[in-house]
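> Sequence:
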Amino acid sequence: PAVFATAGADGGKDSSITLVECDLSGKYAVYAKKYNATDTNTAEVVIEGGTLTASGTQGIIATSSGGGKASIKGEVSANAKAVSSVLTYAEAGATVTLTEDLTNKSLEVPAGVTFIVDEGVTYTISDSRTLTVEGELVNNGTVNGMTVYNEDTKTYYPSLYRAVFSSTDGETIKLLVDTTETKDADV
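First residue of the sequence shown: 138, per our numbering; consecutive thereafter.
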């Protein structure tokens, strides 16, 4: 990793790193590791603005199961491989901008976070994927596959079948565009 915060294994010391307007790239460029979940030590990486570009399939940010913490604040741009992990660690008030085309990836936008699909960029929600927006979606580009919306879970689906299959009794499903379904679904 390019940035590595660790705590707990070195005699009880904290590790807290804040990066402001940084440009990071790589596979797991940010890693926060806490060796023991019962320790009171802190292992934290905070990113306040910048550009995050992931390589590989794992994303750009990771934390340990022992309790390491990462957080995204401010305005951050992310490529297709980084955007999912960036949204995972985004805190309320953050703005995350997708800077390149993305297909076949479910995304979740946390409450208080703004997700922007940049001008000229296409995000496609394909067959078994979803887009859940607890925060705000700003579509300056193109979002394909927003066919059905579950008002209770705040989730967009690419097909009526997928929405019905994923929903529970009493949830409200709204058809956003005319569609022809090729699968049978019990309603």
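Just so you know, these hints were derived from the structure itself, not from any lab.
It is possible that part of the hints are untrue.
[What the hints assert, rightly or not] Pair ranges (Cβ atoms, derived):
| no. | residue 1 | residue 2 | range |
| --- | --- | --- | --- |
| 1 | G257 | T177 | 39 to 49 Å |
| 2 | L312 | T175 | 47 to 57 Å |
| 3 | T175 | S263 | 15 to 25 Å |
As the structure is a prediction and not an experimental result, all values here were calculated from the model.
A virtual CB, placed ideally from N, CA and C, is assigned to each residue, including glycine.
> Does each hint hold? Answer for all of them.
The hints, checked one at a time:
no.: 1; hint: G257 to T177: 39 to 49 Å; verdict: holds (47 Å)
no.: 2; hint: L312 to T175: 47 to 57 Å; verdict: holds (50 Å)
no.: 3; hint: T175 to S263: 15 to 25 Å; verdict: violated (42 Å)
Hint 3 from the earlier list is the only one contradicted by this structure; the remaining hints agree with it.
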